[in-house]
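As given, the protein sequences belong to chains A and B, one line each in that order. For the record, in the first sequence the residue sitting at position 13 is 185 according to the numbering used here, with numbers rising by one throughout. For the record, in the second sequence the residue sitting at position 28 is 200 according to the numbering used here, with numbers rising by one throughout.
Just so you know, these hints were derived from the structure itself, not from any lab. For clarity, every value in this text was computed on a predicted model and none was experimentally measured. Don't take every hint at face value.
Identical copies carry no separate label here, and so any pair may be met within one copy or between two of them.
Said to hold, decoys possible - Result set (DMTMM-like, lysine to aspartate or glutamate): computed pairs, CA atoms no more than 25 Å apart in a straight line: (1) K207 <-> D184; (2) K349 <-> D212; (3) K249 <-> D174; (4) K249 <-> D212; (5) K349 <-> E322; (6) K317 <-> E197; (7) K179 <-> E351; (8) K205 <-> E254; (9) K178 <-> D223; (10) K179 <-> E299; (11) K249 <-> E351; (12) K179 <-> E309; (13) K207 <-> E251; (14) K349 <-> D321; (15) K274 <-> D174; (16) K207 <-> E322; (17) K178 <-> E299; (18) K349 <-> E331; (19) K205 <-> E309; (20) K349 <-> E254; (21) K349 <-> E309; (22) K274 <-> D314; (23) K205 <-> D255; (24) K179 <-> D314; (25) K207 <-> D240; (26) K349 <-> D184.
Protein chains: 2
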Amino acid sequence: MDYSEKKLSREDVYRGRIITVHVDEVELCNGRKSKREVVDHPGGVSIVPVDGMGNVYLVRQYRYPVGDSLLEIPAGKLEYGEDPLQCAVRELSEETGFSAGKYTYLGGVSPSPGYCRETIHIYLATELSAGQSHPDENEFLDVVKMPFDEAFRLAASNEMTDGKTIIGLLRAAQYLKQES
Amino acid sequence: MDYSEKKLSREDVYRGRIITVHVDEVELCNGRKSKREVVDHPGGVSIVPVDGMGNVYLVRQYRYPVGDSLLEIPAGKLEYGEDPLQCAVRELSEETGFSAGKYTYLGGVSPSPGYCRETIHIYLATELSAGQSHPDENEFLDVVKMPFDEAFRLAASNEMTDGKTIIGLLRAAQYLKQES
C-alpha cells in the first residue's frame, strides 16, 4: 500500500552547526493532518579499511551524547554537496593515515529514518598504504587494529554498539566472502 | 586514552513532541572548550519476531524524513522511564498482532552516537501466537512475512537500509545459529 505523506508546510525550529530541525505539517494517507519532526543532517561516510593480512582498522573515540568511548569504523560528516567517495578518502586519511588503492561502495544506511534525514554511505577500503594521520583540531581518537574476523564477532554479538560500525562490518564480511 | 569531555553548561534550544535538542559547552581532554549539539530521544525497542517455521515478520511503513517506504523490524519508542521489555511486548502486538512466549535480549545499539543520545534495545521474539494487530491511530504499515534467511540476505547486502533492522537481523542470525 502507498502510505506516503504529503508536505503541507514547514517550520524551521533550530539551525545549528551540524544539525537543523524543522517541523512539517503533513497530510497522511487517510487525509488527516499530522506533524513530523525532522532532524536535518548533511549525511556522512564510513569506511571499513582492511589490509592484505586480514586486519581491520577501527577508531576509539569519546561520544559525548552517549557518554562513552565507542569502537567505530572511521567516519566523517559530508560537507553539503560533497561527493561521498571524496569524503571517504579524506576521512580515512585524517583518522588513520591510510590511503587506499581500492574503494568498494557497500551502500547507504539510514540510522534513524523515523526522525532524521541522515544517510551514511559505507565503503570498503583495501590495498592500503600507511601514512600519517592528521585528525581535525579538537578531534581525539586512537586507531585500533584487529583481525577482521574478531571485529565481526564483536559486531554480531552485542559487544559493539555503534550502528554504522556493525552494519559496515557485516556488509564488508559479506562482500569479502563473495570475493574469496 | 581517556578523551572524555566534561559538561560546563547546557542550553535547551528545542523541545518537541518526540525529540528535544540541547547545546552543551564542554571541556575537551586538552582543556579547550567546544560545543556539542545533542538530540535527546527517549530511546526505543525493536523486535525480531521469528516463528517455528523459520519466518520473520517485518513491517513496511512510510518514513517521512527519508521520503521512502522502508522494510523494518517492528519497533517503537519508549515512554520515558518505561521498561524496554514491556515496550517490546506492546509494540509487537500493536504492529503485528503477535504475542511471544519467549523474548531474548540481543543488546542495545546507538544509531547516531555523534549527536544523538538514542539507544535502541533489540529483542528476539519466538514462540509466537497470532492475534489482531492494532496500530496507533495515524500509524500505517503492512506486515511482510518472509523466510528469515532471505531477510538476512537482504540485510547483509545493501538492499535494506534501516539501521536497526540490519543489526537486529544480524544479532538474531548469530543467536539462532548458536542455539541450533
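Now the hints, each set against the structure:
1. In this assembly of identical chains, K207 and D184 lie within 25 Å of each other by CA distance both inside one copy and across copies; the values are 13 Å within and 21 Å between.
2. Within a single copy, K349 and D212 get their C-alpha atoms no closer than 35 Å, and across copies no closer than 38 Å, so neither meets the 25 Å cut-off.
3. Taking identical chains as interchangeable, the C-alpha atoms of K249 and D174 lie at most 25 Å apart only when they sit on different chains, with a minimum of 23 Å there against 32 Å within one chain.
4. For a Cα distance limit of 25 Å, the shortest separation of K249 from D212 qualifies both inside one copy, at 13 Å, and across copies, at 20 Å.
5. When the C-alpha separation of K349 and E322 is checked against a cutoff of 25 Å, the pair qualifies both within a copy, at 15 Å, and between copies, at 17 Å.
6. Proximity of K317 and E197 under a CA criterion of 25 Å is satisfied in neither setting, with 47 Å inside one chain copy and 32 Å between copies.
7. For the homomeric pair K179 and E351, neither the shortest alpha-carbon distance inside one copy (44 Å) nor that between copies (47 Å) is at most 25 Å.
8. For the homomeric pair K205 and E254, neither the shortest alpha-carbon distance inside one copy (35 Å) nor that between copies (28 Å) is at most 25 Å.
9. In this assembly of identical chains, K178 and D223 lie within 25 Å of each other by CA distance neither inside one copy nor across copies; the values are 47 Å within and 36 Å between.
10. In this homomeric assembly, K179 and E299 never come within 25 Å of each other (Cα to Cα): the closest approach is 46 Å inside a single copy and 41 Å across copies.
11. For the identical chains of this complex, K249 and E351 are neighbours neither inside a copy (29 Å) nor across copies (39 Å), given an alpha-carbon limit of 25 Å.
12. Taking the shortest Cα distances, K179 and E309 sit within 25 Å of each other only across copies (19 Å), while inside one copy they are farther apart (40 Å).
13. Taking the closest pair of Cα atoms, K207 and E251 come within 25 Å of each other only across two copies (19 Å); inside a single copy the shortest separation is 28 Å, beyond that limit.
14. In the homo-oligomer, the alpha carbons of K349 and D321 lie at most 25 Å apart both inside one protomer (11 Å) and across protomers (17 Å), since each shortest distance falls under that limit.
15. For a Cα distance limit of 25 Å, the shortest separation of K274 from D174 qualifies neither inside one copy, at 40 Å, nor across copies, at 33 Å.
16. In this assembly of identical chains, the alpha carbons of K207 and E322 never lie at most 25 Å apart, being 44 Å within a copy and 35 Å across copies at closest.
17. Taking the shortest alpha-carbon separations for K178 and E299, neither the intra-copy value of 46 Å nor the inter-copy value of 39 Å comes in at or below 25 Å.
18. Within a single copy, K349 and E331 get their C-alpha atoms as close as 23 Å, and across copies as close as 17 Å, so both meet the 25 Å cut-off.
19. Taking CA atoms no more than 25 Å apart as the test, K205 paired with E309 passes between copies only; the shortest distance there is 12 Å, against 45 Å inside one copy.
20. When the C-alpha separation of K349 and E254 is checked against a cutoff of 25 Å, the pair qualifies neither within a copy, at 31 Å, nor between copies, at 41 Å.
21. Taking the shortest alpha-carbon separations for K349 and E309, neither the intra-copy value of 38 Å nor the inter-copy value of 44 Å comes in at or below 25 Å.
22. Proximity of K274 to D314 under the C-alpha cut-off of 25 Å is restricted to the intra-copy arrangement: shortest distance 24 Å within a copy versus 40 Å between copies.
23. Taking identical chains as interchangeable, the C-alpha atoms of K205 and D255 are never at most 25 Å apart, the minima being 36 Å within one chain and 31 Å between chains.
24. With identical chains, the CA atoms of K179 and D314 are at most 25 Å apart between copies only, with a shortest distance of 22 Å across copies and 44 Å within one.
25. With identical chains, the CA atoms of K207 and D240 are at most 25 Å apart between copies only, with a shortest distance of 17 Å across copies and 33 Å within one.
26. Taking CA atoms no more than 25 Å apart as the test, K349 paired with D184 passes in neither setting, with 46 Å inside one copy and 47 Å between copies.
Going through the hint list in order, the structure does not satisfy hints 2, 6, 7, 8, 9, 10, 11, 15, 16, 17, 20, 21, 23, 26.
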